[in-house]
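Q: So the chains spell out like this:
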Amino acid sequence: MTDYAIEQQLKGPTPQPQAATSYQGMVWRRFFKHRGAVAGAIVLAVVVLSVLLAGLSPYDPIEPNMKETLQPPSLSHPMGTDALGRDYLTRVLYGGRVSLAVGVMVVMITLTLGVSIGSVAGYFGGWLDSVLMRFTDAVLTLPAFLILILLSTIMREIELPFFTQNNVVAIAVVIGLLSWMTFARLTRAAILTLREMDYVKASISLGASSLRVITRHILPNMVGLLVVEATLELSYAIIEESGLSFLGFGIQPPTPSWGNLLSNASEHFLKHPWLAIFPGLMIFLTIISVNYIGDGLRDAFDPHKVLQKVGEV
Amino acid sequence: MGNYIVRRLIQAFFLMFLLSIVMFALVNLAPGGPLAGHGQSRHVRPERVEMLKRQFGLDKPLPTQYLIWLAGNDWMKVDTNGDGVFEEYGTRKGILRGDFGFSFRTRKPVLEEIGLRLSNTLYLMGVMLIVSLLIAIPVGILSAVKQYSGFDIVMTTFFFAGQAIPEFWLGLILILIFYGYLENPFTGGPLLPAGGMYSLQGGFSLVDRLVHLILPVTAGALGWIAWYSRFLRSNMLDVIHLDYMRTARAKGLPQRLVIFKHGLRNALIPLVTMLALDLPYVVTGAVFIETIFSWPGMGRLYYQSAMDRDYPVLMAILIISGALMIFSNLMADLVYGYLDPRIRYD
Chain A
5 MTDYAIEQQL KGPTPQPQAA TSYQGMVWRR FFKHRGAVAG AIVLAVVVLS
55 VLLAGLSPYD PIEPNMKETL QPPSLSHPMG TDALGRDYLT RVLYGGRVSL
105 AVGVMVVMIT LTLGVSIGSV AGYFGGWLDS VLMRFTDAVL TLPAFLILIL
155 LSTIMREIEL PFFTQNNVVA IAVVIGLLSW MTFARLTRAA ILTLREMDYV
205 KASISLGASS LRVITRHILP NMVGLLVVEA TLELSYAIIE ESGLSFLGFG
255 IQPPTPSWGN LLSNASEHFL KHPWLAIFPG LMIFLTIISV NYIGDGLRDA
305 FDPHKVLQKV GEV
Chain B
4 MGNYIVRRLI QAFFLMFLLS IVMFALVNLA PGGPLAGHGQ SRHVRPERVE
54 MLKRQFGLDK PLPTQYLIWL AGNDWMKVDT NGDGVFEEYG TRKGILRGDF
104 GFSFRTRKPV LEEIGLRLSN TLYLMGVMLI VSLLIAIPVG ILSAVKQYSG
154 FDIVMTTFFF AGQAIPEFWL GLILILIFYG YLENPFTGGP LLPAGGMYSL
204 QGGFSLVDRL VHLILPVTAG ALGWIAWYSR FLRSNMLDVI HLDYMRTARA
254 KGLPQRLVIF KHGLRNALIP LVTMLALDLP YVVTGAVFIE TIFSWPGMGR
304 LYYQSAMDRD YPVLMAILII SGALMIFSNL MADLVYGYLD PRIRYD
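Chains as they are written, first to last, in this note's numbering: chain A, 5 to 317; chain B, 4 to 349.
Don't take each hint at face value.
What the hints assert, rightly or not - Incomplete in silico selection of chain B near chain A, CB under 10 Å: (1) Q14; (2) M26; (3) V30; (4) A33; (5) I168; (6) P169; (7) I176; (8) I178; (9) T190; (10) L194; (11) A197; (12) M200; (13) T294; (14) Y306; (15) I329.
In case anyone wonders, no lab produced these hints; they're calculated from the structure. Note that the structure is a prediction, hence the values are computed from the model and not measured. A virtual CB, placed ideally from N, CA and C, is assigned to each residue, including glycine.
If we strip away everything but chain B, and leave its shape as in the complex, we get (with noise of 0.2 Å):
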């Protein structure tokens, strides 16, 4: 076992480090680039533009670049001013060391920027995965246990459903009538907010936040639902048919222990591995929830620096959500692994 992490931790350390070669390139090779805006505008002098360059450090050649970015500049001297003389070492530590940079549009620490936006994204997906565990495990376990009863029907075509409505568009549909046609009773405004995390009067109040939350969390959810219900469904159905099942029966035990002590319990393990992969989704958010419901997260940042060429901020975003999809994968193995010990890695 020990063997085995070893091994696949050195591998995940070449996959990194051939990941971000691939990403740095795909990001800095991009026609257009940061500076086109400036240069399509009269108001710019080219000399202004070339001062930019040289301040993020984009007149150097590519592979020059992705080594300051990976290690930093203790080895050659940059131009942090932009006036053309190279008067710094040590401006930059490299990602190795914590450092990824400054963003080009704000001018401020990526990992400021990402800071400040992580923890939103997570408060969002986070509410989003519970309540949709808390909806789908039961539901799933339901569905299996009456196989083809009318619920399961009715479920069967919910997630269907689920799985064929583009968040983007439950998103808009929701906005529509919630916020469009439906009315607060008491307030005669609208039902509930189209966007935001919370409203810009007024203090902190838990009953706002929650009422920010109802909206992007019903439209991100529901296809999570949807989907982990059914995988627990078919996870349970192959499961229910087992020997020691029948066994756990034939001994007396009563239904409400066989299912959950026997059934439940070995179907749970592939959704924990399934809830590992989905890991990384959780820190990089959902872009279109973020996008439609003006929610401030890492989905969104990422889209706006994708518009804006923000290669730092887009390179660190990418590298990050790489190392948690590696990472995921990893820890879906080991704790597959262990919760099962028929599963054996050599």
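Chain A on its own, in the form it takes in the complex (with noise of 0.2 Å):
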């Protein structure tokens, strides 16, 4: 995004003569209009409702059951069975858990870090800006996917007091700390243009703490961004690990996750081509909700740019 953008997007709101209803209800109202993002939510609400009740399912996800294998759909199994004879539904809202769960820790990583770092480079500036960016710059021109294969078998073996349920956030962390650097550079440009503002100069002036300022003048005023930007990264990190987990790096068998259970499939996918079409259609569906979703939200959170699609600018 280009300086412009951020500033024309912080600038907030135009007034509207018929916005008698807050900022907030404004943006809800425009999300509304967005059918893409309205389809996708509904979407988004069923995979996670359906991943979150997975534990009704009458079969084990783990458990073999070597006299029903490789079943295809039926209506007992409505997505067949594996080849060690376990409900492949099952599974796969298992895998679900999992894949959600790393994409929603990645994201607060991301966050955390990002917003942190870009608002001390941003706020304070001098010195400290530049040793921050510079990092920031460094750690962007790595090579992320293979350093992520890397620190991925690095983590798998290295035995720590919070890593040991089955390396979920190991994977999180390793996303994370590979993926923030977004956030810290949006957030660091947000804060150039708002540090500017009236608002903000009229609170340091009476004196507010840098802490206060921060939180309570700036952040408040770049939801949207990082919202939008969260939308993105939730995306990102949902497809990176189930790469990491296709390609045998990420969370191990028999937990399943999205990515594993691609895996295991590609050696019998040809006779029980099941075996590969869900867990990677619900990979697709999940990732198309949430991007219809944040582009939504940023017709939402962008008047501007609303205003240009009904040709008033």
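Dock chain to chain to rebuild the complex, using the hints, since each chain is given by itself in its own frame.
A: Okay, structure coming up:
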């Protein structure tokens, strides 16, 4: 995003005659006008709900059942069964728990890291800014996916106190450590713009502390920017996790994740195509919904673009 | 401008140096290590593991290993045959003099290993890039010129779908359809091959090569097409409302000239920059595509080396792609400044 676009976005909504409702109200109204975003929200809600309710399934996601191996989809097994006779729908839903959990954790990690680094750099400026931004640039030049593969092989074998839960947290940390840079840059650019706003100057001259100015006046005005970036980050993280697990470097079986289900499927998928179709379909549906939601949010938070669309600018 | 380039090059040099230390530490600190497999097997005696350790130079402290890797061992004897006696100087030249060492797995020079794979990757990724651009550029222009038309709406949907399909899944589905289900009407075999660069039987044939390219290129290019066409569309839209476009129209230029001569030339500048930034991926290759379609390229070499803990090969690929990333970032900035004289560096 260019500085100009950020600036435009940060100027906030232009007052409109019918805007008797709050800013939030306007954002929601614009969001609901975006058909793709609404459809995405519904699909994502269904995916998240069914993943959360996976425990209601009568089948066990891990325990093999050699009497029913490689059954095609049927009424009792809507997605069929895998090579060890486990109900595939159950495994796909449990896999979704892992994939979505990694996605959400990565967003939280990158948001925390990126926003702190970006705000410190942008707000204090000077040598601190130079050092932090050179560091950000350096991390950006890393060949991310290659390092990701390397780091996840390392994390897999280190025994750390909080990392025993089948490396879900470890994978999230590794992905997060390599993808906070956009947040940092965005936050910094936004703060450089917002810092010059009159209300921020007023607050500083009234003696507000730096922490208060950042958390009360600057961050709330960047919410839109950060939320949109967070949706991008979420879909990126889910794809990265499934990619890593697909290659065998991420979540390890028997714990299912969408990526390692696909990777196991690649042995038998020519004869038993459902093994490859369903996990990938879940990734696809999740990512496309998240991306549509992100697009809707961008339009909702960005009045400039909305005005452009209806031809007023 | 000259000052700017020199400053960036000096920065790049220090960055590379730091990067190499971090990567070396990461690669070598990984628990397990290249000999873990040997140690667990009952058939390998511990003396043999010790011997391999000395041969690979893994017996030395990490900083020493790094120095040997970086600058060679003219100053230190190493144990080349692993018998416990340090006998030779100067067996390694170090990467500064172009010696990336030997692969632990194949015992061949790393550069030889990479050379074999690099041409395969350049071939695949080159075709993929050209195909992507040939499709993405017209699509991008058309959807911008006819914004909100039926075509644009279809292409927007395609963009969202293309971004959301993981290429490893697309690859599997393509194999399922074109190898598993569809048949070649003449031979009765599968319509398209599921992997490899060429058929093992028969000599060289252009048709055979092309047939083997179709699936991997499709699987890899879809995401690029979606991304590049969308990028060009938004750049065109940024340009299309500007004053000089209106002026061009006002002086009576035909629409074709306005779009291609005045609009496209400006809208392509960011795309060229984007291409420069994507250059490293053309060299490091597509790990997923190469894995799924058994393509003997760089991506798969890295994958195998990570599995086998082949440190010298891992380091070489990491360093090469790190250098390329830094170089392409510099190139992107310079190309941007060259193509768009409004940008000034100092």
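Q: For every hint, state whether the structure bears it out.
A: Hint by hint, here is what the structure shows:
1. Q14: Since chain A brings a Cβ to about 8 Å from Q14(B), closer than 10 Å, the hint holds.
2. M26: Result: holds, 8 Å to nearest chain A Cβ.
3. V30: Result: holds, 7 Å to nearest chain A Cβ.
4. A33: At 4 Å from the nearest chain A Cβ, A33(B) passes the 10 Å test, so the hint holds.
5. I168: holds (6 Å)
6. P169: For P169(B), the interface hint holds, since the closest Cβ of chain A sits about 6 Å away, which is under 10 Å.
7. I176: Holds - the Cβ of I176(B) comes within 10 Å of chain A, reaching about 7 Å at its closest.
8. I178: Holds. Min distance 8 Å.
9. T190: Cβ of T190(B) sits 18 Å from chain A, so the hint is violated.
10. L194: violated (14 Å)
11. A197: Holds. Min distance 8 Å.
12. M200: violated (19 Å)
13. T294: holds (7 Å)
14. Y306: With a closest approach of 6 Å, the Y306(B) hint holds.
15. I329: Since the shortest Cβ distance to chain A is 5 Å, the answer is holds.
Going down the numbered hints, you'll see the structure goes against 9, 10 and 12, while the others check out.
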